[in-house]
Amino acid sequence: MTRKRTIVFGLVAMLFISLIVMLGLSYRALEEKGASFTAAMNSVLLAAISLYLLLILVLLVVRYAVIILYSFLDHIESLRRGDAVYTESELNSLPMVTLVVPAYNEGLVIQPALKSLLELDYPNYEIIVVDDGSTDDTYVKAMEVARFSHDVPVRVITKPNAGKAQALNTGMSLARGELVLNMDGDAKLSPNTLRVCVRHFRDPRVGAVAGNVKVINRDNIWSRIQALEYIEGLAMARRAQSFTRTVNIIPGPLGMFRKSVLMEVGGYDHHTYAEDCDLTLKLLMRGWHVVYESRAVAWVETPLRLLNLLKQRYRWTRGILQATSKHRWALWHPRKAGVNFYILWYMLFEGIIWPFSNLLSSIFFIYVSLNYGLIILLFYWWVQLTMLDLAAATYCCVVEDEEPSIIPYSILFRLFYINIIDISKVLATIEEWRGYSMTWGKLEREGRL
Amino acid sequence: MDLISILATVILATTIATVIMGFVAYAAFKLRERRRPGGRGSMDLPVDDGGEPIFFTRYVPNGMDMRPAAEERSY
Chain A
3 MTRKRTIVFG LVAMLFISLI VMLGLSYRAL EEKGASFTAA MNSVLLAAIS LYLLLILVLL
63 VVRYAVIILY SFLDHIESLR RGDAVYTESE LNSLPMVTLV VPAYNEGLVI QPALKSLLEL
123 DYPNYEIIVV DDGSTDDTYV KAMEVARFSH DVPVRVITKP NAGKAQALNT GMSLARGELV
183 LNMDGDAKLS PNTLRVCVRH FRDPRVGAVA GNVKVINRDN IWSRIQALEY IEGLAMARRA
243 QSFTRTVNII PGPLGMFRKS VLMEVGGYDH HTYAEDCDLT LKLLMRGWHV VYESRAVAWV
303 ETPLRLLNLL KQRYRWTRGI LQATSKHRWA LWHPRKAGVN FYILWYMLFE GIIWPFSNLL
363 SSIFFIYVSL NYGLIILLFY WWVQLTMLDL AAATYCCVVE DEEPSIIPYS ILFRLFYINI
423 IDISKVLATI EEWRGYSMTW GKLEREGRL
Chain B
5 MDLISILATV ILATTIATVI MGFVAYAAFK LRERRRPGGR GSMDLPVDDG GEPIFFTRYV
65 PNGMDMRPAA EERSY
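Protein chains in written order, with our numbering: chain A, 3 to 451; chain B, 5 to 79.
Hints were generated in silico from the structure; no laboratory data involved.
Some hints here could point you the wrong way.
Stated by the list, open to error - With a Cα cut of at most 30 Å, we get these calculated DSSO-like pairs of lysine-lysine:
hint	chain 1	residue 1	chain 2	residue 2
1	A	Lys161	A	Lys328
2	A	Lys328	A	Lys338
3	B	Lys34	A	Lys216
4	A	Lys161	A	Lys117
5	A	Lys338	A	Lys261
6	A	Lys328	B	Lys34
Unchecked claim - Over the 12 Å line for every Cβ pair with chain B, so calculated as not near, a few chain A residues:
hint	residue
7	Glu121
8	Glu266
9	Tyr344
Stated by the list, open to error - Below, a sample of chain A positions facing chain B; criterion: calculated Cβ distance under 10 Å:
hint	residue
10	Leu312
11	Tyr316
12	Leu372
13	Ile377
14	Ile378
15	Leu379
16	Phe381
17	Trp384
18	Val385
19	Phe418
20	Ile420
21	Ile422
22	Asp424
23	Val428
24	Met440
Backbone N, C-alpha and C define an ideal beta-carbon position, used for all residues, glycine too.
Construct the entire structure; sequences and hints are all you get.
Printed below as a string of structure tokens:
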């Protein structure tokens, strides 16, 4: 295993070195194309854009380097922690956990999801299903499971439809546990989830634990690229944030909280379409530590079709912007906001600056390729970014123990996926800025759980 | 044409295609979201007109009333 890691980290280092070589080659290629490049740079606008893109590229490389370093340090911490093994007396004194499962029209997946929850390896927990005014048979199917369950108390509550935030708040208010685990009705949890999450609360400063989310339906190119996207997002950014105890989004499919902390911050707000992000920011603003537990896994379905994927990303983009906007004072008060200042700027970089820059770079390179014959510029730009993606994917697959066969999807990610997603993010950002109205969208489930 | 030029052309063509696809897909998504049954574009009779359905038998889950759909909010 150690040898495998050495090989992989050697490979990542080689990719970074290749990136530097590639930069040198692109500079040489520019020298050869001197005349047309000089002609292009005579335009003040094009010169400004190329300088801006160069700055973004430098920022991106720094971002990757810092995130991978912090993520690796967190990975080492996680290896030291090991699996959650408790003695007999510890098992008897473990705190009670309440699982809150909000469900709206989850008739297709609610039973397998609940049955998987009954098999969790933990001695002291209960389940509350909140049927949020479903128009299908979610309530009936959840009740069937509740009747069968003898070892684990299962309560099913039905209420008029009012959205996920209210459903979670309802569940939280009825929770008997000291800790509350919020999840999605369509998620399946790994059996060790409660054991590995609970131990983080030994530290009284920890207010919440974010879980790992993995894609279960890796059936076509879209879902496989999303699987890689999830792996990278969690193994890099989430782990790096966990090292500084500042995870900025506790994912909807799996997040564990102290009930007292949820009550303190007033639970979920209804004003945003990314209630999980909003709640996490509220916790961080009050100084609570938020950590990530990679061993606690929630398996979820992702959209298999492009338009469903856009619907999901549209809601995420606008929701995150709404949540960020609620706490925007922290953007302009670094002394008072402390670490939250960096968290919010990081979120803006990821949510706005990077998608805009990516779209700008595509348009810029298309223009200079067609008008000045500088197609080589696009080639080197693309190769450099793809190398970064490959290095990141290789690193992430090692720390997450994922199949190496998913690594090549990072080429497809750069080739077409990210352009389409970033365009939808840019347009969603513009709509949010212009204040267009929006509604929740129900994603169609395949019932793979 | 050397290999780099061929690859560069492929990347250029893909970039142009995906940028166009990104905008077209977003427009399609917005169009789909805007269209709702019973909206301005609906020209047929309403479904609950008391008559028998012509092609399909309506599905009613066991033990459930057909409650009116609440405001569409979900996750």
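List in ascending order the numbers of the hints, as given earlier, that are violated by the structure. Violated hints: none; all satisfied.
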